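Given chain U, work out where chain A should sit, using these hints.
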Amino acid sequence: MSRTRHVGLPRWLFGPALLAGVFVVLPVAAMTTRIAWGDFPALVTSEAARSALWLSLRTSAASTALCLLLGIPLATVLARSEARWLGVLRSLVLLPLVLPPVVGGIALLSAFGRQGLLGSELEALGIRIAFTSVAVVLAQTFVSLPFLVVSLEGALRTAGERYDVVAASLGARPTTVLRRVTLPLVLPGLASGAVLAFARSLGEFGATITFAGSLEGTTRTLPLLIYNLRVTDADAAVAMSLVLVVVAVLVIGLVRPRAAL
Amino acid sequence: MMPTTRRIRVAAGAAVLLALPLTACGSGDDEGGPSGAGGRTELTVFAAASLTATFEELEKQYEAAHGDVDVKLSFGGSSDLVAQITEGASADVFASADTANMDKLVAAGLAEGEPREFATNTLVIAVPPGNPAGIKSLADLTKKDVNLVLCQPEVPCGSAAQKVADAAGVSFQPVSEEQSVTDVLAKVESGEADAGLVYVTDVTAAGDKVEGIDFPEAAGIVNHYPIVAVKDSKHADLAQQWVDLVLGDGQQVLRQAGFGAPAS
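Residue numbers (this note's numbering), protein chains in the order written: chain U, 1 to 261; chain A, 1 to 264.
Hints are supplied without guarantee of correctness; some may be wrong.
With the Cβ distance kept under 8 Å, some of the chain U side facing chain A (calculated, not the full set) [as the list claims (entries may be wrong)]:
(1) LEU109
(2) GLY113
(3) ARG114
(4) GLN115
(5) PHE131
(6) SER133
(7) GLY213
(8) SER214
(9) LEU215
(10) THR232
Note that these hints are calculated values from the structure, not bench results.
All values derive from a computational prediction rather than experimental measurement.
Note that beta-carbon positions come from the ideal geometry of N, C-alpha and C, so glycine has one too.
So that you can see chain U by itself, here it is in the shape it has in the complex (with noise of 0.2 Å):
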């Protein structure tokens, strides 16, 4: 592909702009200054944190999954049908990039807890999902999800359906063309979608403690963890902070710039 041309930027932009990143940048790098680095291989290197840590990657993992498995089918429904409830489901579906944590976290309970619509004939049927790892999943993949829908769908409209025509005119089953054609070409902005998804998922942190609970190696992940340790252990709660900063920035850092269109 040949470079695009060129156009000037108006130079005011570059001020704001600057704002911007140092907005950003600042508190986080801050955060360095307050870190005790004699003790931090130690408070890093503690049961407490490897858990939390290992839980984090794990769930998180898994949610992505989940995402990947239930988001795929969505977007693309989302941007090829022409049903005019889709709309409505678009808006909805969005619903928990805006709720605060703290609500997802009791509608999930709603849904899924002892008490809930789903939660007690499951009860009934002998599983429990409250205060289980698999209760976190649930919560990172309700707040993850719209981050992996939103980026596959904007890619696939942005992509456009020629292809697709030209693959079914050619006699190509629609699942052919979703399989062969379709995804293939939306792969960069698939890979962001779920990174973003998995980045998420490791923040996650209102919605777990609201319908999951916390405890060591079952549910306290990475960010439970430091809300822990921030009334007990300022200075462990600042070095798990940073771990937490440095595997954020490592899953976007390294897959972003090759996924991004």
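Frame of chain U, contents of chain A only:
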């Protein structure tokens, strides 16, 4: 075309203009401290979550006696509240559910004078109405299929629960460790948990939303509640008057809610 330096100056000016609203809303809270809406003086009281109902009652008494004062109550786990004050939250009074967290405030040099004990509290087993898991004793809480929720050990109700376990020679396997006693109560009330260890006063305050089950070991584990005015409070005299209310007329309110008399 403007010369480059001028453009930069314009850009810088725009940046400053954009930043202004940020600084304005940043300082708003601080300015609001001394005299809040309607010119009333604000007195901020940080109190252990277990004091919610009683302190709300005392707020009414205090405001009735001080027409120009607006009492702002902030409830939470005692350890959380100490951390907030240490980080610079502007509190005028701090009431803790145990001496350990009050000691932290004193050690940080943020207490004005000696903390005074104003109440005691003991633990009780809280279960949802109807006691679906059939809990009868402390030993029942250790059963595998019982969803037990406790406060985390750093919170007063959590350290008390730990002492109870030690005294009774049992080991709890909670499904969740919460940040404050009200969080534990909420999980029991909603029926998500089969049982939790909370204070006698919490069960009294919750009415028929939970049931309390006494256990003999509780009598030996008593939480002592100290209160103190926070150093450098902008309203030292008003803060002291709140402390005096809690130690004086407020005792009746506390007793009615189920709190024990101060031991010292």
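If you check each hint against the structure, which ones fail? 6
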